[in-house]
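Build out the structure end to end from the sequences listed, making use of the hints.
Chains as they are written, first to last, in the working numbering: chain L, 398 to 544; chain U, 398 to 544.
A few of these clues could be false.
It does not matter which identical chain is meant; a pair holds if it fits inside one copy or across any two.
[What the hints assert, rightly or not] BS3-like, lysine-lysine: derived pairs with alpha carbons at most 25 Å apart:
(1) K486 / K539
(2) K486 / K428
(3) K539 / K423
(4) K503 / K428
(5) K486 / K508
(6) K508 / K539
(7) K503 / K423
(8) K423 / K508
(9) K486 / K503
(10) K486 / K423
(11) K428 / K508
(12) K428 / K539
(13) K539 / K503
No lab work stands behind these hints, which were simulated from the structure alone.
There are 2 protein chains.
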Amino acid sequence: MRYFEDVEVGSTAAFGSYDVTAEEIKEFGTKYDPQPFHTDEEAAADSFFGELVASGWHTMAMCMRMIAEQPEPLAALAGVEVEHIRWRKPVRPGDTLHLRTEVLDKQPSTKHGDRGYVTTAGEAVNGDDEVVTTFEVVALVKGRAYD
Amino acid sequence: MRYFEDVEVGSTAAFGSYDVTAEEIKEFGTKYDPQPFHTDEEAAADSFFGELVASGWHTMAMCMRMIAEQPEPLAALAGVEVEHIRWRKPVRPGDTLHLRTEVLDKQPSTKHGDRGYVTTAGEAVNGDDEVVTTFEVVALVKGRAYD
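Dropping the structure here:
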């Protein structure tokens, strides 16, 4: 676990591997984003995308899974905010997603000396090394004194 | 369906009702955000939150479901970007979420005359009328000439 003191601004990482399936795209789409291009191959063929694609919120959820399971996760207390989500390319069945991250900033909490805020930029890339989604997320992270 | 021409900047709406359950919180958490406060009541009791809470990404997915099923949905071609997600209060089992939205901006596409970009601010409120999450989302929306 990386505690607040361990976090180095400018540090980068690359991790994760998430196989995207049509079944999961349709399951997530049906439950949370019931637009035809997320729920049904035939309806998707007539859509803007011309094929079944993952909900952008599903892509973010897949990114979160990779973030939570990275080799050295942040000692996160809570997610706080997200900026600049850009859904740049479609995410399709058969894609394998990977993540690259860079720590952009860290700021100690002004109220509590045992924790601080860490801003991380993320980009999800597919198997052709195309950047499909980018975002920045701020997490509240434990300092060593917290535990 | 609201086409690009129908969208009025400054217009507001209130809609949706989503019952949050412990079962769904844990299902989403286990699949996409496996941190102890999203996956298990006992582990959550020892966490920053002191209880089971929904993943912020789950909250966004629930908001998306309400957006997709609103009485007069945008004729959306695709989601494009999201800014300023703020997870302000925990979302808990037993909460019922509702959405309030305001159209902040609309801009015709410079490349295609039959569509444009619509920026909408959203806030999710719980049954006690507490704002739990706020965000802004940009969608590419069909004009009437598109169909």
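* **Status of K539 relative to K428 across identical chains (alpha carbons, at most 25 Å)** => between (34 Å within a copy, 24 Å between copies)
* Between K428 and K508, at a C-alpha cutoff of 25 Å, which is it: within one copy, between copies, both, or neither? -> Neither. Shortest intra-copy (39 Å) and inter-copy (33 Å) distances fail the 25 Å Cα cut-off.
* Asked: For K486 vs K503, is the C-alpha pair at or below 25 Å within one copy, between two copies, both, or neither?
  -> between (30 Å within a copy, 22 Å between copies)
* **Homomeric proximity label, K508 with K539: Cα distance no greater than 25 Å** => within (13 Å within a copy, 47 Å between copies)
* **Alpha-carbon proximity context of K423 and K508, limit 25 Å** => neither (44 Å within a copy, 31 Å between copies)
* Check K486 against K423 for me: Cα-Cα at most 25 Å, and say if that holds within a copy, between copies, both or neither. => For K486 and K423, only the intra-copy Cα distance (18 Å) is at most 25 Å; the inter-copy one is 30 Å.
* **Same-copy or cross-copy closeness of K486 to K428 [CA-CA at most 25 Å]** => both (22 Å within a copy, 23 Å between copies)
* To do: Classify it for me, K503 with K428: is the Cα-Cα distance of at most 25 Å met within a copy, between copies, both or neither?
  => neither (36 Å within a copy, 29 Å between copies)
* How would you label the pair K539, K503 (within, between, both, or neither) given a Cα cut-off of 25 Å? -> within (12 Å within a copy, 41 Å between copies)
* Copy assignment of K486 with K508, given that the CA separation must stay at most 25 Å -> between (40 Å within a copy, 18 Å between copies)
* Asked: When no copy is specified for K486 and K539, does a C-alpha distance of 25 Å or less occur within a copy, between copies, both, or neither?
  -> between (34 Å within a copy, 19 Å between copies)
* Asked: Taking 25 Å as the upper bound on the Cα-Cα distance, should K539 and K423 be classified as within, between, both, or neither?
  -> between (37 Å within a copy, 23 Å between copies)
Hints 4, 7, 8 and 11 from the earlier list are contradicted by this structure; the remaining hints agree with it.
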